[in-house]
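Sequences are here, hints too, so could you generate the full structure?
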Amino acid sequence: MRFNTAPAPHLAPTASTRRIMQWVLVAMAPGIAAQLWQFGPGVLINLALAIATALLTESAMLRLRAQPSRAGLSDWSAVLTAALLAVSLPPIAPWWISVFGALFAIVIGKQLYGGLGYNPFNPAMVGYAVLLISFPKPMTAWLPPTDLAATPLGLLDAWSAIAHRAGPAGSSFDALAMATPLDTLKTQLGLGRTMDEVQSGPLFGALAGKGWQWVNLGYLAGGLWLLRRGLIAWQIPAGFLAALGGLSLGFYLLEPQTYPTPLFHLFAGATMLGAFFIATDPVTASTTPKGRLIYGALIGGLVFVIRSWGGYPDGVAFAVLLLNLAAPTIDHYTRPRVYGHPG
Amino acid sequence: MMFTLHRFHGGLHLDAHKEDSSLAPLATAPVPPRLIFPLQQRGGQNAEAVVQVGDHVRKGQVIARGDGPMNPPIHASSSGIVSAIEPRPLPHPSGLADLAIVIDTDGEDLAPAPEERRDYRQLAPDELRRIIFEAGIVGLGGAAFSTAVKTDPGHRAIDTLILNGAECEPYITCDDSLLRNFPQEVLEGARILMRVVGVERCLLGIEDDMPEAIRALREVQQTGHYAGIDIITVPAIYPSGGEKQLIRILTGREVPTRGIPADAGVICQNVGTAAAVFRAVARGEPLIERIVTVTGKGIKHPGNWLTRIGTPIADLVRYSGGYTGTAERLILGGPMMGISLPSDALPLVKAANCVLVTGRSETTGPKQALPCIRCGACADACPINLLPQQLYWYSRADNLQRAEEYHLADCIECGCCDYVCPSHIPLVQYFRAAKSELVAKQRERFKADHARERFEARQARKEREKQERAEAAQRKKAALAKPDASEIQDAIARAKARKRPPESAPTADAAPDESPPAREPAEN
Ligand code: SF4
Ligand code: SF4
Chain A
0 MRFNTAPAPH LAPTASTRRI MQWVLVAMAP GIAAQLWQFG PGVLINLALA IATALLTESA
60 MLRLRAQPSR AGLSDWSAVL TAALLAVSLP PIAPWWISVF GALFAIVIGK QLYGGLGYNP
120 FNPAMVGYAV LLISFPKPMT AWLPPTDLAA TPLGLLDAWS AIAHRAGPAG SSFDALAMAT
180 PLDTLKTQLG LGRTMDEVQS GPLFGALAGK GWQWVNLGYL AGGLWLLRRG LIAWQIPAGF
240 LAALGGLSLG FYLLEPQTYP TPLFHLFAGA TMLGAFFIAT DPVTASTTPK GRLIYGALIG
300 GLVFVIRSWG GYPDGVAFAV LLLNLAAPTI DHYTRPRVYG HPG
Chain B
0 MMFTLHRFHG GLHLDAHKED SSLAPLATAP VPPRLIFPLQ QRGGQNAEAV VQVGDHVRKG
60 QVIARGDGPM NPPIHASSSG IVSAIEPRPL PHPSGLADLA IVIDTDGEDL APAPEERRDY
120 RQLAPDELRR IIFEAGIVGL GGAAFSTAVK TDPGHRAIDT LILNGAECEP YITCDDSLLR
180 NFPQEVLEGA RILMRVVGVE RCLLGIEDDM PEAIRALREV QQTGHYAGID IITVPAIYPS
240 GGEKQLIRIL TGREVPTRGI PADAGVICQN VGTAAAVFRA VARGEPLIER IVTVTGKGIK
300 HPGNWLTRIG TPIADLVRYS GGYTGTAERL ILGGPMMGIS LPSDALPLVK AANCVLVTGR
360 SETTGPKQAL PCIRCGACAD ACPINLLPQQ LYWYSRADNL QRAEEYHLAD CIECGCCDYV
420 CPSHIPLVQY FRAAKSELVA KQRERFKADH ARERFEARQA RKEREKQERA EAAQRKKAAL
480 AKPDASEIQD AIARAKARKR PPESAPTADA APDESPPARE PAEN
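If you read the sequences in order, they're chains A and B.
Taking numbering that gives the first Met the number 0, the leading residue of the first sequence gets 0, the next gets one more, and so forth.
Taking numbering that gives the first Met the number 0, the leading residue of the second sequence gets 0, the next gets one more, and so forth.
Note that these hints are calculated values from the structure, not bench results.
Source: prediction; values computed, not measured.
Note that CB positions come from ideal geometry on N, CA and C, so glycine has one too.
Errors might be hidden in some of the hints.
Said to hold, decoys possible - Derived Cβ-Cβ restraints for the label pairs, each shown as a range:
{"no.": "1", "chain 1": "A", "residue 1": "R336", "chain 2": "B", "residue 2": "R200", "range": "37 to 45 angstroms"}
{"no.": "2", "chain 1": "A", "residue 1": "L63", "chain 2": "B", "residue 2": "A368", "range": "19 to 27 angstroms"}
{"no.": "3", "chain 1": "B", "residue 1": "H449", "chain 2": "A", "residue 2": "G342", "range": "31 to 39 angstroms"}
{"no.": "4", "chain 1": "B", "residue 1": "D103", "chain 2": "A", "residue 2": "T13", "range": "43 to 51 angstroms"}
To be verified - Take a look, some chain B residues computed to stay more than 10 angstroms from chain A by CB distance:
{"no.": "5", "residue": "G67"}
{"no.": "6", "residue": "A112"}
{"no.": "7", "residue": "P341"}
{"no.": "8", "residue": "L399"}
{"no.": "9", "residue": "P425"}
Unchecked claim - Here's a subset of chain A near chain B, in silico, CB distances under 8 angstroms, partners left out:
{"no.": "10", "residue": "A7"}
{"no.": "11", "residue": "W22"}
{"no.": "12", "residue": "A70"}
{"no.": "13", "residue": "L72"}
{"no.": "14", "residue": "P119"}
So, in C-alpha cells, the structure goes:
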C-alpha cells in the first residue's frame, strides 16, 4: 500500500494562534462587564466600531499587500487589537476616535511592518498613543462611574453622545464628561492639596477610584484565568505588578501626603488591563523567562514614574511602547543556559 | 532506597496511547516469504554482500560485512535462497533505492548447531566486544550505532552504565514488552555490559507508566545476582528517554555540547540492546530478531511482535489484521521523531522499533503555517533550553552564523517546539535544513583551514631551511678565518637559539583531522 509522507512530528497540534486570541478575548469579558456596569454601554459601541474598522482595514491592507486575506483575518488578531484599544477609550469618545484609533493601529501599528508577528510595537498602544497625542481633550473626558452619575446613560443616550456629541434629553454633552481619578489626583496634587484632601473627593473609593477599582478587579480575574490556562507567561504581570506595587509602596511610606497608596496604583487606570492583557502581547514582549520578568518590571516601574512625575495621568501605553523597543535587547542578554553548555 | 531524580527543562506530557499495543500479549511473527536486507548501514556506509545470488543460507549466517568497527555484519534471519542482490527502496521518506540482499525463505528455518554456552565471566572485555560486534549488534533504541564501538570507554573514565528503558514516545511499547517478557535477559545483559565497560554501577531508567515491566524487573532482581544495578522509575515526560535527558535525570550530569555521554562519565544503552548482548554472549545468537510494535488507529489489531530483521512492513501489518479504513500515514518510529514512509513494501531494519499507522483523526492534517507570534511556547517546551523562535527566525533569514550562536547544533530534533507551536510552523524542518547547511559549511571550513595550515607549514619550513643554509654558509666562512673570541660567542648563541624549538611553528602533522568530530546520536 502507498502512503503520503509528511515530516515529523506527526501528532495533531493542540494549540492554535486563533484559539489563543479567542481565549484572550473571552478573558477580557469580566473587565468589559465591569466597564459596562460602571461606565455604561458606550464601551460596547466603542468595541463594535473599533472591531468593524479593524476588520475592514485589515482585509483592505492584506489585499493591498497581496496576502491571502482569509487566512490573515481568521487569526482573530485584528479583533483582539481593536478590543484592547476600544476598552482603553473613554466610554463616550466620539465615534471617529474609535475608528481612527483602530485604523492607525492596524495600518501603522501592524500592517506597515509586515502584519501579524512582525510589528515591533503593540498595535493597540500605537493607536492609543496617536489618539492621545492628537486629540487630548476627547481622550481624557471620561464619564463618572454609575453610582456618581445623576442619570446613568442608556444605550441610546450613549449612542447619541458618541455619534453626535449630544447629552441625554437636551443636556449638554460636556456636562457628562469628567476627569479620571488618576487625572484628578495629578491636577489636585499639583495645586498643592494633600493626599487626604484629594482622596476624600467623591471620585475615590475603598481600593482606588470608584468604578475603576471594579474594572481593575474584572481584568485581574480574567488575567488570572489566562495564567491558569497557561495562555500568558506569569513573569510579565508578576514583574509589572511587583515593580509598580513596590515602588509605590516605597514612596508612599516616605511621603504619604504626596503619593497615593500602592493599592490605589494597582487598581487605578489601566493597571490590570496593562499587566495581563497589554504588556503580555507576545509579539512585542520579551520572550525569555528572565527577560519577561525584567520587561514586566521595567514597564511597571515606568508606569509609576509617568504617573507620578510625567505629563500624562496614566502611563501604561507609553511604558509599553518604550519597552517594546527594548525587548529584543533584553532577550539577547537573558538567553537561558543551553543544555551541555557551561553556565 | 531513596534516589534523587534531576529535572530537565521543558518536555511535554503527551497522551501515551500505549494501551493500544501493550494490552495484547507478545506474539512471534511467522517467517515471511521473503526477507530483505538493505546493505546501507548507518552514515551511508555500505556493507558488502558475502553471499551470491542462488546461494542457500542458513539462519544466523553472515550475509554481509562492513568495513570497520562502526559497521557490524548482517545475518540472515531465516534459511532460504538468495534470490537477488539489487537496488531496493530504503526505509527513508524519500524512498530512495540502494543495494539489498533478498532471501526467498524456505520455511525450514534451518540453523547451524547451537554453540556451546559460554561463561562470559571468563572473557576479557575486548573479547566480549568482539563477540558483540560479530553478532551484528547495534543500538536498538533507534540510532543503530555499533554497540561494540559505543561500549568501548577508550581513554575516558566511565563510572556508570545507563540502560534506557524510558520509552518516552507515545504509542511505542516494544521495550515495555521486552521488559515484561524477558526481564532476566535484560538484567543479565546489563551485567555483561558492566563488565565490558568496566563499571560497578548500572542505572536502569524506566518510565513510571510501565508498572508491569517494573514489577517483572524487580522480581528478577530479587534473586540477588544483580549487585550494582538500580532500577529507577522516571516521570513519563517526553523526551525523558532521550539519551541526554535520561543522563540528566539519573545522574544530574549533562553531556557537554559536541561531546558524547562518555564525556559525562556514562555509557548509555537501550534495554533491547542489553538483551541482544546477553543472547550473543551467553547463547551465541546473532541479532536476527527484535520486538516491533505495530499500532495506531490505522491497524486492526495493534500489538507487539517478535519479528525477524528483514521482514517487510506489509507482512507484519498483515499479521496484525491489516489496515483499518481510516489508515492515513505510515510511520517508522514514534509520532514525534519517526519518519513517514511512502510504502509498506519496505523491510524492517535492526533499529526499527515501531510501525505506527495513524488514523485520520490522529495525524496532523495539512496545516497552514501562520506567522510566529513569539509566544514562547516553543522555548518553554524545549528540553535543551534553546530559543526555537529565534532559531527559526535566523534559519529562515539564512543567518546561519546567528543560528549557530543560538546553538542550533544542540537541537536534538525532538519535535517538542514544533508540536506546541500555535502558529503551526514546521520548526524542526527549518532546523534540519539549517543544520545540514551548517555541517556542509563546517566541512568546507575544515578543508580550507587544513589547506591553509599546510601551506603555512610549508612556508615556515622553506623559511627555516633558507635560514639554516645561510647560517651554514656563514659558519663555513667563519671556520676558514681564524676564529676570535667574539665569533665563538656568536656561534654558541646561534647554536642555542637553534636548539630552542621555534615558537609555535606550525608543522604538517599539527593540522587538524579533516572530518568534524564524530558524534554519537541519542538512543530512542
Ligand atoms: S511556539 Fe511558534 S508562534 Fe510561538 S514563539 Fe515559538 S515559533 Fe513562534
Ligand atoms: S526540536 Fe530542537 S529546538 Fe525544538 S524543542 Fe526539540 S531540541 Fe528544542
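Going down the list of hints, with the structure as the test:
A C-beta distance of roughly 28 angstroms is found between A/R336 and B/R200, which places it outside the suggested range of 37 to 45 angstroms. Between A/L63 and B/A368 the CB atoms are about 22 angstroms apart, so this pair conforms to the stated range of 19 to 27 angstroms. Restraint check, B/H449 to A/G342: a C-beta distance of roughly 33 angstroms satisfies the suggested window 31 to 39 angstroms. Range check, B/D103 to A/T13: Cβ separation about 47 angstroms, and the 43 to 51 angstroms hint holds.
With a least beta-carbon separation of about 28 angstroms from chain A, B/G67 lies farther than 10 angstroms from that chain, consistent with its non-interface assignment. Residue-level check passed: B/A112 sits 41 angstroms from the nearest beta carbon of chain A, beyond 10 angstroms. Remark: the non-interface label on B/P341 conflicts with the geometry, its nearest Cβ contact in chain A lying 5 angstroms away (cut-off 10 angstroms). Distance to chain A confirms B/L399 as a non-interface residue, since its nearest Cβ pair spans about 17 angstroms, more than 10 angstroms.
Look at B/P425: its CB is around 6 angstroms from the nearest CB on chain A, not clear of 10 angstroms, so calling it non-interface is violated. Taking 8 angstroms as the C-beta contact cut-off toward chain B, the hint placing A/A7 at the interface holds, the least distance being around 5 angstroms. Because the closest C-beta pair between A/W22 and chain B is about 11 angstroms apart, greater than 8 angstroms, the hint is violated. Below 8 angstroms, beta-carbon pairs count as interface contacts, and A/A70 has one with chain B at about 6 angstroms; its hint therefore holds.
Checking A/L72 against chain B by beta carbon gives a least distance of about 12 angstroms; that is not within 8 angstroms, so the hint is violated. For A/P119, the suggested interface contact is broken, since its CB lies about 11 angstroms from the closest CB of chain B, more than 8 angstroms.
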